[in-house]
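Protein sequences appear in the order of chains A and B. So in my numbering, spot 75 of the first sequence is number 101, and the numbers just go up one at a time. So in my numbering, spot 109 of the second sequence is number 135, and the numbers just go up one at a time.
Hints in this document: simulated from the structure, not taken from any laboratory. Please read these numbers as outputs of a predicted model, since none were measured by experiment. Heads up, a few of these hints could be off.
Note that the list lumps identical chains together, so a pair holds whenever it fits in one copy or between two copies.
Here are the simulated lysine-lysine pairs, DSSO-like style, with alpha carbons at most 27 Å apart [to be verified]:
| id | residue 1 | residue 2 |
| --- | --- | --- |
| 1 | 52 | 80 |
| 2 | 37 | 152 |
| 3 | 158 | 143 |
Number of protein chains: 2
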Amino acid sequence: MNGHSVRGGDKRDRILQAAERVFASKGFYGAKVSDIAHVAGVADGTIYLYFRSKDDLLISLFEAQMDRVLAELRGAVADGEDATEKLRRFIAAYLTMVEANRHAAEVITIELRQSAKFMKEYRNPKFAEFLKTLAAVIQEGQQQGRLRAEVPAPIAARTLFGALDELALMWVTSRGERFDIRKVADWLGDVVLKGLELQRRQA
Amino acid sequence: MNGHSVRGGDKRDRILQAAERVFASKGFYGAKVSDIAHVAGVADGTIYLYFRSKDDLLISLFEAQMDRVLAELRGAVADGEDATEKLRRFIAAYLTMVEANRHAAEVITIELRQSAKFMKEYRNPKFAEFLKTLAAVIQEGQQQGRLRAEVPAPIAARTLFGALDELALMWVTSRGERFDIRKVADWLGDVVLKGLELQRRQA
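Just chain A, with the same shape it has in the complex (with noise of 0.2 Å):
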């Protein structure tokens, strides 16, 4: 991806990776659909064959980053013994993609919620199924007698994802030298355990 045009691959994927650098350098306001065709090495036209809008580009770009966002998600429940260490596997997974996704955290922390459309007209089913997988893990420790039970799961996973969320845009928006986001990851999930759990794990 270094370069100034994107080749390579089918086109629709070489005009979602264009649109996502020209988003993050120019913003989603400024970016113009001529400035995408040019690092895609696209006809303006083309895009049209592909997408309906600036909108549309922005919320597909969202879609391809919560696929990402949700295999990660699935790996983690997959791989983690118990829920405590699902949870813990997830936050190192969403906040080391973010660092390996630089300029789509950025798409997706700053520029989504300037859509009109992404905020009003949108579902995101995506999201919800995010959500949803995030607060069965939550559910199944809860239902184990190993975390705290007395907020409803969908409301502990909407507020992880929040926490998860605002480091996401701390992190991408921090001007200067990054902090170590790994490092926050691990405290994070320390935390997050430390405070869920009703029971500390026998070693």
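Using the hints provided, position chain B relative to the given structure of chain A.
For chain B alone, coordinates are given in the frame of chain A:
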């Protein structure tokens, strides 16, 4: 604040109260300055004597709400005996304030991020002040050896803010019966403190 129009108080306050209601019901993009003038009981042109634009109205609303948040935070800091007590009081005060100022919370969690001017140009000194005050409480606890110190206090403060902000967003957008935000505040206070504390308090 019942009934259709806003009466009493000075004109600037009336316009701000009207804007809060109109933004919450029609959204920032959907709201017209003339709607706000109608609810405030002033002529359309009067609004421009106090505010330069619709974006300026939104930012002024945000600043009024941040003044309330800062006052609550400073109250919690003044009343609490130690850092953990201060944090617990602040979490409760923040979520109680969301409950008591639903329209303001809606405007801030949903509408504000759609203002390109707010996201791009506004330097947001009050939010910076809020985060600084919250970080100072956490740092106090770290220096006393009461709270985990692996992560700098400003990062811990942002993480806590993210959790609170997402809970506020979930609460204001929930359909049907809203969850008990005070109960959630107690839970979050417990989770954060148990998670962050290095040693349990002696009762």
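Which numbered hints fail: Result: no hint breaks.
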